[in-house]
Amino acid sequence: MNEILRKEVLAPRITEFEVYAPEIAAKAQPGHFVILRVHEKGERIPLTIADYDAVKGTITMVSQEVGKTTSQLATLEVGDSLADLVGPLGTPMHIEKVGCVVCVSGGLGVAPMYPKARRFYELGSKVVSFIGAQTKEMLIFKERMEKVSHHVGYSTDDGSFGHHGFVTDLLRKFLESGKEVDEVVAIGPLPMMRAAARVTRDFGVKTVVSLNPIMVDGTGMCGGCRVTVGGEVKFACVDGPAFDGHKVDFEELMARQNRFLEEERIAMERFRAQGEGCKCQER
Amino acid sequence: MPREIAQRHQMPKQDPRERIRNFNEVALGYSPETAISEAKRCIQCPKRPCVGGCPVGVDIPDFIALLREGRFGEAAKKIKEKNSLPAICGRVCPQETQCEAVCTLGRAKNQKPVAIGALERFVADWERRELATLGGNSPAAGNEGATAKVAVVGSGPAGLTCAAELAKFGYRVVLFEALHEVGGVLRYGIPEFRLPKAILDEEVQYVKNLGVEIRTNMLIGQTLTIDDLFNDGFRAVFIGTGAGLPHFLGIPGENLNGVYSANEYLTRSNLMKAYLFPEYDTPIKTGKRVAVVGAGNVAMDAARTALRLGAEKVMIVYRRSRAEMPARAEEIENAEEEGVELMLLTNPVRVIGNEKGWVTGMECMRMELGEPDESGRRRPVPVKGSEFTLEIDTMISAIGTDPNPLLTKRTPGLVLGRHGNIIIDEKTGETSIPGVFAGGDIVTGSATVIAAMGAGKLAARGIHEYIRSRGW
Ligand SMILES: Cc1cc2nc3c(=O)[nH]c(=O)nc-3n(C[C@H](O)[C@H](O)[C@H](O)COP(=O)(O)OP(=O)(O)OC[C@H]3O[C@@H](n4cnc5c(N)ncnc54)[C@H](O)[C@@H]3O)c2cc1C
Ligand SMILES: Cc1cc2nc3c(=O)[nH]c(=O)nc-3n(C[C@H](O)[C@H](O)[C@H](O)COP(=O)(O)OP(=O)(O)OC[C@H]3O[C@@H](n4cnc5c(N)ncnc54)[C@H](O)[C@@H]3O)c2cc1C
Ligand code: SF4
Ligand code: SF4
Ligand code: FES
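Sequence lines, in order, name chains H and L. Residue numbers are given in our numbering: position 180 of the first sequence equals residue 180, and the series is strictly consecutive. Count along the second sequence from 1, add 283, and you get the number used in our numbering.
Please keep in mind that the hints were generated in silico from the structure rather than gathered at the bench. This structure is a prediction, so every number in the text was calculated from the model and none was measured. It is possible that part of the hints are untrue.
[Claimed, not checked] As a list, the in silico BS3-like pairs of lysine-lysine whose alpha-carbon atoms are at most 25 angstroms apart:
hint	chain 1	residue 1	chain 2	residue 2
1	H	K41	L	K667
2	L	K639	H	K41
3	H	K41	L	K556
4	L	K491	H	K27
5	H	K234	L	K330
6	L	K639	H	K247
[What the hints assert, rightly or not] To give an idea of the chain H side of the interface with chain L (calculated C-beta under 8 angstroms), a few residues:
hint	residue
7	G220
8	E232
9	K234
10	R259
11	R265
12	A267
Cβ atoms here follow ideal geometry from the backbone N, Cα and C, with glycine treated the same way.
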């Protein structure tokens, strides 16, 4: 069950996995995510479905190593299986044909963006993509995004590729140029999504963001993933993860992301101390 | 000739000072001698009022009669005719409002009712131990020859019971559960110190041995819809998805760090075993000063869990008085013994946080009881100017749950009640969609384990009739 059929390291600490999960693949839509566990004592972590193939019965996920679970996931190889995998979770993003959509992705956000951009493209919308990364070698999904976009602009924090600066600079410039934009989709780190929403607010352009609060069950049962949107409390795992970026209380969400920093540090240190050797024991 | 009746036998418990430092079961169970002696208190009333007090009608005097003769195995069989999860019910049933509430002995002067729950638990535990030494339950029945397939959604007590009954009728049953483990609230809600998970595991094994196929990580409504199930050849579907949607108070500050729903707090600790962090990966913030808002079983469980996770001070904050506390008397007593403080007639109005977004306090008001409300309980009204601040670092909201709307929202044609509960035919358990049945908390809102089991059983019979009437 849930065997890893393909594994590819896309960039330092960023790995793509294609996993056998026919029932999830048959139902997956852009915006859906899964929750998985790597081993029997593991945490449940959410990852976006970056691609899916109902015929092959597979889904693709891209994971960035930020802590214990994602680091441990990266140690799995082709032929290994996940302990648990449930999905598709969440409400798919509402996507319809529009005149022009701007897809702004930061860092790993480009992987979750890809199925959405592709759907907009397939429906006949004009797709403009802006992709930002720390540095050139961290740029992922370049070819895939180029295939489903009419125009792609790049930025890097260190100027090693494309615009030297933030990806939201590209968004602002584009909007300032007076081009007709119907919708902006922004996916990436919270500060980047907040910045994108601030830029588009000035121009009155509808903006959808994809939130990533800490989750446990992903079924609406614990309320751990709650976010405030337009003054109302929403459960991101069922009502989202896509929300109107102009209404999201980003400051609250940023604080909530830090709920377990101390414990996460302990888990990671312990994982490092055990080293690679622990892999077989833990699983 | 009236004979001398002994006093009710107390069940031994772990010392409170000891037990708040572990997650082991608090109540330790009767010895065979005590059980027999307690069983001898039963006067075998011809009218059997106790049976009527049990939602599933366990033949209480009959099993007690077998028990007091030392025929423990037969006693267990007797209970299982009506109740397939006695080790669980003996532990978590609110007996004081059910079977024991109507026991004749309880009406006699200076007497307490027969400890029916404790006896049920004793018999079930004896049988489990016996089976273990015999090498487990009987092997899988398989039901290879069965023609009709039935799907059961949700593995709480309603789903587990329905699945077991259907398997006994001879159907091929597949049980779908959204989480990675089976048991519903018995797994993620009720803590180890009240219901050891090993017992749940054995009950689940029993259901598997009946031939039920269990598929975890299947969120019905998402992974598969009810329509998909019918298209896959299932003849009928039972929905037992529970009342898992947590309420919040709706007061300012509830999204501060350190505020949990009881569901999140208990799920992290029970299902994800955060109490064993870092051996297990899922974290939980223990908190030093914890306020639990609410006074039901859920609140008691959260409060007692917080103590065991290392909290120094745990308070139950409840806006009514002690008499209205909905938790089982035994659990309130246990909580108090362990040092949980009751702050009654107190209502939170605001959670206070620091600049980093962490809880530092909770502003509360004193309440007094006014006129009775529609529930018949006296309505708490705030005392003007009585605001005060409780210093806390963790707040747990245990003020109730609603039916989980995930599946019902995605099932067109399903008629729902005002609270999102599924409406059923009381006699058969059938919903507005032919072939779709439901029971447990998704129908009633949060109730009890035994009521959910009763509903699962009733629906199993309803499904059996439904399938038979169609000649499948
Ligand atoms: C809907 C959704 C989709 C996501 N999609 C992707 C994706 O496609 N690729 C990807 O690399 N990451 C994705 N994430 C983030 C990913 O879930 C976290 O990086 C992961 O849980 C971190 O776990 P860890 O143990 O490695 O790190 P930890 O050290 O535990 O945590 C590092 C940080 O990750 C966040 N985090 C921790 N635990 C959780 C949790 N249980 N749920 C959510 N966030 C958590 C916190 O902000 C934390 O500070 C997504 C999150 C959500 C909610
Ligand atoms: C902390 C706590 C303590 C309690 N203490 C007591 C007590 O002492 N005594 C007592 O009698 N009662 C107690 N109760 C109440 C009792 O546990 C419930 O009434 C009972 O569990 C309801 O059973 P159920 O089968 O209807 O639902 P649940 O036990 O809630 O099980 C529902 C299951 O369905 C699953 N599910 C939900 N949606 C889907 C879906 N779409 N697809 C697949 N699966 C799904 C859920 O994950 C869950 O496993 C307590 C409840 C709580 C929360
Ligand atoms: S199942 Fe519950 S109510 Fe019925 S006899 Fe047993 S303890 Fe009493
Ligand atoms: S009512 Fe009490 S005393 Fe009478 S038969 Fe039932 S358990 Fe025994
Ligand atoms: S993750 Fe538990 S409700 Fe969303």
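Comparing the hints with the structure gives:
1. K41(H) / K667(L): violated (50 angstroms)
2. K639(L) / K41(H): violated (31 angstroms)
3. K41(H) / K556(L): Measuring from Cα to Cα gives roughly 8 angstroms; hence the hint holds.
4. K491(L) / K27(H): With a Cα-Cα distance of about 28 angstroms, the restraint between K491(L) and K27(H) is violated, given a limit of 25 angstroms.
5. K234(H) / K330(L): violated (53 angstroms)
6. K639(L) / K247(H): Holds, at about 21 angstroms.
7. G220: holds (6 angstroms)
8. E232: violated (10 angstroms)
9. K234: With Cβ-Cβ at 11 angstroms, over 8 angstroms, it is violated.
10. R259: Result: holds, 5 angstroms to nearest chain L Cβ.
11. R265: Check failed: Cβ of R265(H) comes no nearer than 10 angstroms to chain L, outside 8 angstroms.
12. A267: holds (5 angstroms)
The structure fails hints 1, 2, 4, 5, 8, 9 and 11 (numbered hints given earlier, in ascending order).
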